[in-house]
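Residue numbers (the working numbering): 2 to 106.
Read the hints as simulated data drawn from the structure, not as lab findings.
Careful: at least some of the hints might be erroneous.
As the list claims (entries may be wrong) - Below are the DSS-like pairs computed for lysine-lysine, each with C-alpha atoms no more than 30 Å apart in a straight line:
id	residue 1	residue 2
1	K45	K91
2	K45	K30
3	K30	K91
4	K62	K86
5	K28	K86
6	K91	K36
As the list claims (entries may be wrong) - Distance windows between CB atoms, simulated:
id	residue 1	residue 2	range
7	E73	A12	32 to 40 Å
8	E39	P88	15 to 23 Å
9	R103	A12	14 to 22 Å
10	A12	Q106	31 to 39 Å
11	Q106	H29	16 to 24 Å
We put the beta carbon where it would ideally sit given N, CA and C, even for glycine.
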Amino acid sequence: MIIVLIQYAGANKAIPLDHIYYMESQKHKVVLYTKDGEVEYYAKIGELEEELQGQFCRIHKGYLVNLSCVDEYSRTEIMLANGDKLPLSKYKYEDFVKAYLRFMQ
């Protein structure tokens with residue numbers, strides 16, 4: 002099981018990657034939307050994008066999505082297994098499709 006280790010509420014917290022649906026950048030923080038709820042901590046989404054290449058993909062300026070949680074997608078949005086809909090940037094569409102197809106193989 003692969004985990005992401007974050008500093009949260011003064012302690013280190015381990016969150017399995019397969020428990021994270023997506024990540025959203027909000028100012029200087031990143032919000033993880035997980036199976037157990039939301040976790041907010043200080044981080045840069047660009048650094049997370051580099052660290053989590055392969056399982057996560059940048060779909061918009063402020064979003065990283067867990068490719069294993071994608072249920073369906075169109076040119077403008079992604080539907081996740083938990084029912085959330087996220088915007089898919091027209092500039093990120095081709096990169097997303099390539100990453101998703103590579104992930105599914």
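Contradicted hints - numbers only: 9 and 11
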